[in-house]
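The residues making up each chain are set out below.
Protein chains: 2
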Amino acid sequence: MPKEGITPRAQDYSQWYLDIVRNADLADYAEVVRGCIVFKPTGYALWEAMQRGLDDRIKATGHTNAYFPLLIPKSFIMKEAEHVEGFAPELFEVTQIGTDKLAEPLVIRPTSETIIGYFYAKWIRSYRDLPLLINQWANVMRAEMRTRPFLRTAEFLWQEGHTVHVDEADAERETLMILHDVYADFVEKEMAVPVIKGLKTEKEKFPGALRSYCIEAMMQDGRALQAATSHNLGQNFARAFNITYTDQTNSVQTAWTTSWGISTRLIGALIMSHSDDEGLVVPPRLAPTQVVMVPIYKNDAERSAVMGAVERITAPWKGRLRFKIDDRDNLTPGFKYNEWEMKGVPVRVEVGPKDVEKGSVAVARRDMPGKAGKSFVPQAGLTEYLEELLATIQQNLYDRALQFRNDHTADVSNYDELKAQIERGFARAYWAGTTEDEKRIQDETRATIRCIPLEQPEAGGICVYTGKPATQLVIFGRSY
Amino acid sequence: MPKEGITPRAQDYSQWYLDIVRNADLADYAEVVRGCIVFKPTGYALWEAMQRGLDDRIKATGHTNAYFPLLIPKSFIMKEAEHVEGFAPELFEVTQIGTDKLAEPLVIRPTSETIIGYFYAKWIRSYRDLPLLINQWANVMRAEMRTRPFLRTAEFLWQEGHTVHVDEADAERETLMILHDVYADFVEKEMAVPVIKGLKTEKEKFPGALRSYCIEAMMQDGRALQAATSHNLGQNFARAFNITYTDQTNSVQTAWTTSWGISTRLIGALIMSHSDDEGLVVPPRLAPTQVVMVPIYKNDAERSAVMGAVERITAPWKGRLRFKIDDRDNLTPGFKYNEWEMKGVPVRVEVGPKDVEKGSVAVARRDMPGKAGKSFVPQAGLTEYLEELLATIQQNLYDRALQFRNDHTADVSNYDELKAQIERGFARAYWAGTTEDEKRIQDETRATIRCIPLEQPEAGGICVYTGKPATQLVIFGRSY
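Chains as they are written, first to last, in the working numbering: chain A, 6 to 485; chain B, 6 to 485.
Since the hints were derived computationally from the structure, they do not count as laboratory data.
No incorrect hints appear here.
Heads up, the list lumps identical chains together, so a pair's fine if it works in one copy or across two of them.
Calculated pairs, DSS-like style, for lysine-lysine (alpha carbon to alpha carbon, straight line, at most 30 angstroms):
{"#": "1", "residue 1": "LYS127", "residue 2": "LYS84"}
{"#": "2", "residue 1": "LYS341", "residue 2": "LYS127"}
{"#": "3", "residue 1": "LYS79", "residue 2": "LYS106"}
{"#": "4", "residue 1": "LYS127", "residue 2": "LYS8"}
{"#": "5", "residue 1": "LYS194", "residue 2": "LYS64"}
{"#": "6", "residue 1": "LYS323", "residue 2": "LYS194"}
{"#": "7", "residue 1": "LYS341", "residue 2": "LYS64"}
{"#": "8", "residue 1": "LYS106", "residue 2": "LYS84"}
{"#": "9", "residue 1": "LYS64", "residue 2": "LYS323"}
Construct all of the structure, not just a fragment, from the sequences and the given hints.
Rendered as structure tokens:
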């Protein structure tokens, strides 16, 4: 039964998304600052959980955090040819400080390859300084015509890693390691969102990169969402900013750089992967609150019996579960159930006077709304039961999302099949076309090549568009 | 013996500070972006440790984090009279997005009372929505003529709390609770820096506040550093932004707000409280690395014996100490000692072939350089020994700083004594002067009233400047 205030997905997926954001109290529109949003506490708590999971992995793989200036001289952006073309139309320009007009505008970072490249050139002297492995957590701004909370906002929050290496092989190893061990590992294990790891085509790669890798996820409407990118920048930025080092033979070499980022878009990916017509669904490993305890009572006598039991039951949860006791008076249990369902808490435990007598509790799973997900469980051994249940829910969400993606992915062998399939989800096809062909397909179907998956079949096939022999299998889809 | 590259404090305190920042590799000047610095990994790691300690306390006292836009319509800043005057000369203005010229400039937040006030006015309806307790971690920008890394930079990082209350008493309780339980508690316990809690005078308060409270610390040159501020904003911002609520009788009331912040200036405070002519000194509770283990060997046979011992000795440290094993080849032990002393690691443990034979290690305390802080300790029970030693060092740093402050604080009873004492440190004086008197004293002596301490003597006295009877004791000092 869909909730009041939430448009069912089947009726209007786009409106459903906005309804979830509003009802779960995740964000507010900042209509006074073009294209911006406020990350409200419930939404920001999701980002904090993501930051922890990502930051742990970034540090475990040998990187340290630093912080570079928000503002970049505009001329810096102009130094790398593709980079200018990609970012110049989106820049926020600072032209005045106090009453001083600036001779050269400063721009708010749309990404930091240029300003960081400038410093790396100063800092790096010899091969002994490499690899240089630094990450930054920061806000960035890019002009956006149409705002969609988390998915498309002028200001967003992200981490951007920037590394420097002695040669192409080391840069490539870093780029792929980040894709596998940081991004895919985090998104699949913590967010329970299955991803396809792949290479971007020339048309879709980062402005200034040699090669861009990505992880792509499928949302519940069959559309793709690029969850993260990792770029081997080759020597493009090193040349533009003169990042060189002396090698073992004392000769000067141009370095190789990488950059990689993941942003608050992930909150959008999370919503659109798991949530339902009842509200937000948050996977247990990521959830700021994993279990909510709702005591049920009608009078003071019942209240004291129930609250005593609640205290006893939840005592062993400390340090093992992230939980909240919702002991707000003047709100009905039904109101509370509704609110916590809306906010996506994975498990709800209810304790009333009869449960106290029987030594049991009622447990409701957020991933299975209604009767199907509700059961009565003995108080004895409840902590272990809940720990297992949370692991089960985490796995169930992942399995469900993977099943959905498989059900909405199909091999296609000609353009008509491609056009039909992208209405449903991902189309897997052999490809030997040009960037021009890709643009034509996008104009005609609104679909793009999401990626060239790293896992490729041994045999080749026939290009879905040109009919030429092809060795690459690609994924087509419409994207966010 | 002072280190190469570090000017002794006694010779030039200001240059000593810059030498520490450079040699400990804490920051770099961003000369291409006026007034900005790069927070290098070693410096940023200190900020991350500070963030953890502060964020824990901010959450434990009932606040949640959120994130508001970086940019603010310039007209917002103009809505609160004192606020305009305080911040208008320091604003970074965005006047263009892509190729669009903006009709009204946006400014980079110098602080967020105005933009957050705008949203609070939208969100708050009834007394049931209060208190609203939100914190934000963010970058802010204010034009600065003279840059001093960490202490005075155009862009800095901070947290800013913004809360809304039903009445003055609740706002005042919040303002003081933050001062005591978050700021003073963190700075004294984690940073080992003693502080004086006090009220700012009208002249020194935050532009737009009703009352500003602060914690003031004394640096090693006797000057004051304001480590944090907590403001009761009264109804000034609530009136400017129309933050109202309906009370229990259904009548509309203007709310009361507070704001409070602590910034990357703290890194400067940390450096100038504890460091010495050998380099940075970081208190153990804050230190990203608490113990560094330096193995000593001359050949492969020694190396294998020593590294075996190192592995055995450090195994029980995991999860109990934050430590690093410096097993870099091609660097002498002396070079390593120097580097870790420069970077302020609280304890160094050395293990050589003779130590392996004897079942002992050498332990060196960073807070007591040279022979005085070095001892030979049995390997058995070493983990517990180090845990106790770290606690001892933490306490020693605090005690030393407190002793220094006491030695450099004196009561003064006339203007000549005041002028003499502020050359040495803090002058404690009775005060009944005006804001004009305060300005004259500042012009003549470069000292200001740092605060009116919360702890006041029962009896009054005679004003140090006007000779009038006075009830308030204040602290004068020169400040950063």
